[in-house]
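S.K.: Just so you know, the sequences run in chain order A and B.
The first sequence finishes on residue 159 if you use the numbering used here, and the numbering steps up by one all the way, no holes.
The second sequence finishes on residue 378 if you use the numbering used here, and the numbering steps up by one all the way, no holes.
Simulated from the structure, these hints should not be mistaken for laboratory data.
Misleading hints may appear alongside valid ones.
[What the hints assert, rightly or not] One-sided and incomplete, this derived list gives chain B residues near chain A with beta-carbon spacing under 7 Å: (1) Pro307; (2) Leu309; (3) Gly318; (4) Lys321; (5) Arg324; (6) Tyr364; (7) Ile365; (8) Phe368; (9) Gly369; (10) Gly371.
A quick note: this is a predicted structure, and the numbers were derived from the prediction, not measured.
Beta carbons are placed, not taken as given, at the ideal position from N, Cα and C, and that holds for glycine.
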Amino acid sequence: GAGVSQSPSNKVTEKGKDVELRCDPISGHTALYWYRQRLGQGLEFLIYFQGNSAPDKSGLPSDRFSAERTGESVSTLTIQRTQQEDSAVYLCASSLSPTSGGGDEQFFGPGTRLTVL
Amino acid sequence: GENVEQHPSTLSVQEGDSAVIKCTYSDSASNYFPWYKQELGKGPQLIIDIRSNVGEKKDQRIAVTLNKTAKHFSLHITETQPEDSAVYFCAASNRTPGGSYIPTFGRGTSLIVHP
């Protein structure tokens, strides 16, 4: 079946512009996660959704970052007034609901490579 | 919060040799330890995981060991093949009040298997 998809795959923007990154999780996965991966680094947690609510957004680095999720499916990560240090690969992952016995294995999308000039 | 250290950052082996990647963690409450493989241009993919009530787990050519007392865990790949070449990430986590695991990742190990 279809995996996690993300769009766009690459995004080049100018400093100060806003960007929106999209994630389509696996159908039926109620948990959704956003991570940031800087070059040569590990994955940095940004935000976690259970359904449409975000019980943990502790990883968002500043108020320029926000995310929303509608209909327990698609999520968008928005970065306002982008800075050069925002350049990274943004990864989305989804998992089954913990209440249905899942929540352990996360399935990752291919990521969006963001370059801020 | 949790802190995960991973070594080495780069590992180069000959095809057929074994490869070992080691990680340490700081939070004794962590109880779930997944390992992910990331190929170029792709997202990470879970290859094996272990829970704190188990000391070792094997799946064909890969195995993971966990020492809770010392707070370290390792990935072992035997009979390496060129297609094992990738970046490997370890992670440590415990279940959040909402029930999901939010892992803290190591910085990754770039494994290169030479034919």
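S.K.: If a hint holds in the structure, say so; if it doesn't, say that too.
M.R.: Evaluation of the provided hints:
With a cut of 7 Å, the hint placing Pro307(B) at the interface with chain A holds, because the nearest CB-to-CB distance is about 5 Å. The beta carbon of Leu309(B) comes within 5 Å of a beta carbon in chain A, closer than 7 Å, and the hint placing it at the interface holds. About 19 Å separates the beta-carbon of Gly318(B) from the nearest beta-carbon of chain A, more than 7 Å, and the hint is not met. The interface hint given for Lys321(B) is violated, since its Cβ lies 18 Å from the closest Cβ of chain A, which is over the 7 Å cut-off.
Interface restraint check for Arg324(B): the shortest CB-CB distance to chain A comes to about 20 Å, outside 7 Å, so the restraint is violated. A distance limit of 7 Å between C-beta atoms decides the matter here; for Tyr364(B) the minimum to chain A is near 6 Å, and the interface restraint holds. For Ile365(B), the interface hint holds, since its Cβ comes within 7 Å of a Cβ in chain A; the closest pair sits about 6 Å apart. Residue-level restraint check for Phe368(B) holds (minimum Cβ-Cβ distance to chain A is 4 Å; threshold 7 Å).
At its closest, the beta carbon of Gly369(B) sits 6 Å from a beta carbon of chain A; the interface hint therefore holds under the 7 Å criterion. The criterion of a C-beta within 7 Å of any C-beta in chain A is met by Gly371(B), whose closest approach is roughly 6 Å, and the hint holds.
Comparing the model with each earlier hint shows violations of hints 3, 4 and 5; every other hint is respected.
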